[in-house]
Amino acid sequence: MAVADDFAPTISIEGARKARGNLTQARIRWMVLAMVLGFGLVGGRLVQLGMVETDSTIEGQARDVITATRPPILDRNGLEMAVDIRVPSLFAEPRRIIDVEEAVQKLRTVLPDLSEDFLRNRLTGDKGFVWVQRELSPAIQDKVMRLGIPGIDFITESKRFYPGMSEASHILGSTNIDNQGIAGIEKHMDSDSIALLQDLGLARGNALAPVELSVDMRVQHIMHEQLADAMTRYKAIAAAGVMMDIHTGEIIALASLPDFDPNDPKTALVKDSFNRITAGIFEPGSIFKTVTLAGALDSGSVRVTDQFDARFGVRFGRFTIDDFHGKHRILSLPEVYKYSSNIGTIRVMQAMGKDNYRAFLSTMGFDERVQFELPEMRLPTVPKSFSEVGAATASFGHGLSVSPLHMVAAYSAFVNGGNYISPTLYKRSMADAEPLYRRVVQPSTSEAIRYLMRLNAIGSGGSGGQMNKLALGFRVGGKTGTAEKVVDGRYSSSKVTNFFGSAFPLDNPRYAMVIMVDEPKAESAQTGTTAGWNAGTVTGRIVQRVAPMLGIAPDFSPLIDDSLVPAALRNGPPGSQFN
Amino acid sequence: MIRNLNIFLIFTSVLMLSGVYAIKFSIENTASQRTELIAQIDSQEGELSILKADEAVLSQPGHIGPIVARHELALAIAPVKQEQFGAFEALPMRPVRQQPNTSAMNSLFESLAAGVDPIDAILELEGIE
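So the sequence lines, in the order shown, correspond to chains A and B. First residue of the first sequence: 1, per the numbering used here; consecutive thereafter. First residue of the second sequence: 1, per the numbering used here; consecutive thereafter.
Where hints are given, some of them may not hold.
[Unchecked claim] Straight-line distance between alpha carbons at most 25 Å, and here's what the computed SDA-like set of lysine to any residue pairs gives: (1) A/Lys106 - A/Glu135; (2) A/Lys266 - B/Gly62; (3) A/Lys235 - B/Leu48; (4) A/Lys266 - B/His63; (5) A/Lys427 - B/Gln44; (6) A/Lys354 - A/Glu484; (7) A/Lys159 - B/Lys52; (8) B/Lys52 - B/Pro66; (9) A/Lys159 - B/Glu45; (10) B/Lys81 - A/Asp229; (11) B/Lys81 - A/Ile560; (12) B/Lys52 - A/Thr156; (13) A/Lys143 - B/Leu48; (14) B/Lys52 - A/Asp264; (15) B/Lys52 - A/Ala553; (16) A/Lys127 - A/Met165; (17) A/Lys159 - B/Gln44; (18) A/Lys143 - B/Glu36; (19) B/Lys81 - A/Lys271; (20) A/Lys143 - B/Gly46; (21) B/Lys81 - A/Ala553; (22) B/Lys52 - A/Asp190; (23) A/Lys271 - A/Arg378; (24) B/Lys24 - A/Ala139.
[As the list claims (entries may be wrong)] These stretches of chain A come out as covered by chain B in the derived footprint (C-beta under 8 Å, 3 or more residues): (25) 215-223; (26) 316-325; (27) 472-479; (28) 541-548.
The set of hints was computed from the structure by calculation and includes no laboratory data. All values derive from a computational prediction rather than experimental measurement. Each residue gets a CB set at the ideal place from its N, CA and C atoms; glycine is no exception.
Next comes chain B alone, as it looks inside the complex (with noise of 0.2 Å):
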């Protein structure tokens, strides 16, 4: 009886020692994985920081200033001038001969309605479809 339990004892404890083992291995390779990553993580961060400071630099009015000074006569820029500011008041009125043609508009939104879109006639007549 004894025997049998020792025997029964022995081969737990073998097996529950493998199993501890087994776990603290697994952990450490866990552990060894989340070294790596934070690692990895780190070398991100740092190249992610130069990236940042490389936007920084090039968004810089006083980066881009001297960008458009070197540009100005090519491309025919020069810093806005008071006299080209404007104000909405200050738009004139749609002339009153210029009135859009309402009856052709009625028309066609008409046509459309009832689902004949003339341009399918001027398609079909170049034989485009």
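Just chain A, same shape as in the assembly (with noise of 0.2 Å):
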């Protein structure tokens, strides 16, 4: 025992090498407890980023793109005609609906319209983006999202909607499920500038200018109201009217009835409901003579005071061509235009010379399309030189088809002091109209035609008689149209298309007005189907509706009209002077 109590306590030396070593060791351990835990970290954020569902619903991009907007549309005075809306539209992600059958079952509830086969075609498959029905209520979204199907959802897109419904629907046009404009100011405006801003995904949000347009709801209102009233009065297949700015060439009112809603764009398509005034070309009848007295009376080669020879027809042939309740006596200049004589109008068209008188239509522009907005157009049909029979009959518009938009603008040329200036539906003030102004005709025809027509309204016999009636105190004057219908080939008396040419109020004139009405019968026994019973009347009721609006006040002085009379007629022969 003692021996071991001897033995020295041991002696332990550790080298440097195993101390460094033993440090090493720990150094070590340490790291890789912290590169267990760094990598540990990390594998638990993996696991953790693996849990969390990635929301792949249409975000971002397409977002934008069904979303595109329109400008809002403005009439002259700032009424709203086309206004965007957020509507939702369903979508389904076919991938991730669970049960097909269920689904479909439980739309069919809510959207009784969707064939079951279609929807078990858009719901089944892998894709991850179908529409299902686009452009809903809220009500009906409402519905569909208390079904609580998985994998169908809505996303908000924009609309067209236009608030005064099937009222303004032949200028405006309508456009197609994804905001593009397809007929009408619409269209126009896709063509302009709205599809490369849509292209650039620019036109989002409210950011657009509203769009200004010439036209008047209240006026348009009107029209559309009495176009209605006289499609049922007269029971016409058709009725049409529009009326000019006769200064700045402004649309203030444009209709053709039948129309169609352009909220819903597939009324459309119903057949006759094109725009008459543009996309219609007619006989106008009668109220191209004021366009032929106005040519010769330009030319110098007739003056306001000659007079004709209306006894006897004139004969071309075999053709004999005579008047609809003919005077048969020599007529003034004056009287021609009053009584509508188409004896009368070949004498005075044969005094220019035929060939003038060719030149002088292609002056005011009955050869080609009306410069205007609306894509729906046509050409006018005037044959490109006139036999002898030809120009007659041409001289009271039968022969040549052209549309109401050529006759109001010709009529705004003739009483506007002889200025042609197109149509717009474009807002224009007089600074920018001036330098589009085309002289057509002298100052002084321009004066002669405006008591023409403010004679033919008042003088007695006149066919515009019926229509100052309605508008008394307006001033309005005009000349009726009663062009008969080809049937079978033959001009046919029981069916017509009736016209009403008109400006106003004829002391200092503001608008042109051309208003048709066709197969018009007669509204009682003791009327007429001739045009001054129907279009006339028309006419005269709109203005005594709307003159007020457009800031027109009445006046009953007899001086006013006094002081149309021309110079050179003032006490002439009794034919020509108003009363």
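Take the two lone chains, each set in its own frame, and fit them into one complex as the hints suggest.
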């Protein structure tokens, strides 16, 4: 034991190398621990990320495309004619639908219009996005959401809405489901600049400046209402009208019935609902006599004091052209216009010469389309050159077809002092309009035409008497036109297209209007089917309602009418006087 | 020395790491708030567009016209007739006999200027004030 005690305590000498080895080992352990912790963190985050469900709804890029907006369209007073509304559209993500059959049955409880097969096809498959039904109402959105079907959701889309319903349908046109213009001014706007903006992704939100039209919705409403009234009153197959500011060329109202509801674009496909003002061409009948007289007076070949022999019909070979309710006597030029004498008008045209007459029609733009924004336009058909008989019939508006828009533009030029201005649907100020003027007749001719138009309204025996009775005090004047339709290759006296071309107030004219009533019947046994009874009275009723809106006060002073009589005719023959 | 430096570096890196994460989360939070606000603005714009369309419908002449026609009898209204228009020039001048009593007006203005309002005496008499 003692031996054991003798042992000296063991001396352990740790060398520098061993000490360093221990330290290294400890460091390695710490390092491993740190690495494990580090990788553990990364691994844990990965698991966490793997658990998160990614949201793959249609967001970002696609969203901007489908909410692409169009600028609101306003009338000249700032009233909305077309606005964008946001509506919910139903879409599905077929790959997330668990039970297709259940989804189909449930959806059909809310949307019974969708067929079962269509829905089943749509909802089956591995697609990420399919439309189910676009542009629904918020009420339907609520119901569908309450069904709680996975993989079915809504997205808001922009949709065009026309608060005026069908009233300005032919002006506005309509848009398709992707909010692109397919007719009317909407289409014109697209060809302009909006399509480009939408392509660039800029046409979003409410950033687009509203488009201001020249149309006055109040006048448009009255015109639409009166044309609808004319359709029932005269049992007509169609009625149309257009009113234009004669100085600026702005279209104040334009309506054509039957029309369509732009909120439901497929109604535009109904037969006969085309725009008769721009896309319809008709034989204008006697309202064309204004053109003939203006041309002849302007050429200097006839004067307002001239007399014309209307005792016998004009013979061309075996044809004889005669007057409807003819006077068969010598007529003064104002009487030719007032009694709408075909014979007299042919004599006037012949005094001018048929080639000069044809050239004047070209000056008035009857050879080509009217320059206008609406895409629905038709070329007029006017013979390139006139034969003797062709010129004779053309002088009273037969044997050539033009649109009512041509006529209103011509009437505007005749009463505004003789400057042709192409019509427009956009706002145009006088300053903008004046550089566009093209002189077509002299101011003195314009003066004579104003007198003739007023004479036809208030002179005894004038065909505008019915119109003037309704619009007393507003100094309206105009010309009737009853064009017989061609039925089976012959002119029919029972089927007619009636026109009334007018301007008011004639002492200081501001507006020109053309009204058309197609195939009217007599309203009662005491009335007739000629234009004065229908197109004329419609004009009178419209003016009576809209003139105060347009700031025209009635004036019954006979002095105003007297001042319209050209100096050469003051104290002239009785037929040329008012009353 | 190096040890102290290492400890310092470890602490700063941990601090900065937590700082970065704090910023990241706060940004994510802000972003989600922003998305929420955008969605809210979007839905409100949608509602606004519907309201505007409603207003446009209600102010259309084509909407007001039938309402007027429906109440024509009850309210005794009709489209204005030409004879109902007048001009200022057509108004007759004031008849000479009915000239205002200028002396009475003058005395009233004078008493008002002096601070005496004749209506006070009447009110007092009636016991209103």
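Verification of the hints:
{"no.": "1", "hint": "A/Lys106 - A/Glu135", "in the structure": "holds (19 Å)"}
{"no.": "2", "hint": "A/Lys266 - B/Gly62", "in the structure": "holds (22 Å)"}
{"no.": "3", "hint": "A/Lys235 - B/Leu48", "in the structure": "violated (43 Å)"}
{"no.": "4", "hint": "A/Lys266 - B/His63", "in the structure": "holds (23 Å)"}
{"no.": "5", "hint": "A/Lys427 - B/Gln44", "in the structure": "violated (32 Å)"}
{"no.": "6", "hint": "A/Lys354 - A/Glu484", "in the structure": "holds (23 Å)"}
{"no.": "7", "hint": "A/Lys159 - B/Lys52", "in the structure": "holds (13 Å)"}
{"no.": "8", "hint": "B/Lys52 - B/Pro66", "in the structure": "holds (21 Å)"}
{"no.": "9", "hint": "A/Lys159 - B/Glu45", "in the structure": "holds (13 Å)"}
{"no.": "10", "hint": "B/Lys81 - A/Asp229", "in the structure": "holds (19 Å)"}
{"no.": "11", "hint": "B/Lys81 - A/Ile560", "in the structure": "holds (20 Å)"}
{"no.": "12", "hint": "B/Lys52 - A/Thr156", "in the structure": "holds (17 Å)"}
{"no.": "13", "hint": "A/Lys143 - B/Leu48", "in the structure": "holds (22 Å)"}
{"no.": "14", "hint": "B/Lys52 - A/Asp264", "in the structure": "holds (20 Å)"}
{"no.": "15", "hint": "B/Lys52 - A/Ala553", "in the structure": "violated (34 Å)"}
{"no.": "16", "hint": "A/Lys127 - A/Met165", "in the structure": "violated (38 Å)"}
{"no.": "17", "hint": "A/Lys159 - B/Gln44", "in the structure": "holds (16 Å)"}
{"no.": "18", "hint": "A/Lys143 - B/Glu36", "in the structure": "holds (24 Å)"}
{"no.": "19", "hint": "B/Lys81 - A/Lys271", "in the structure": "violated (39 Å)"}
{"no.": "20", "hint": "A/Lys143 - B/Gly46", "in the structure": "holds (19 Å)"}
{"no.": "21", "hint": "B/Lys81 - A/Ala553", "in the structure": "holds (11 Å)"}
{"no.": "22", "hint": "B/Lys52 - A/Asp190", "in the structure": "holds (23 Å)"}
{"no.": "23", "hint": "A/Lys271 - A/Arg378", "in the structure": "holds (17 Å)"}
{"no.": "24", "hint": "B/Lys24 - A/Ala139", "in the structure": "violated (41 Å)"}
{"no.": "25", "hint": "215-223", "in the structure": "holds (count 5)"}
{"no.": "26", "hint": "316-325", "in the structure": "violated (count 0)"}
{"no.": "27", "hint": "472-479", "in the structure": "holds (count 3)"}
{"no.": "28", "hint": "541-548", "in the structure": "holds (count 3)"}
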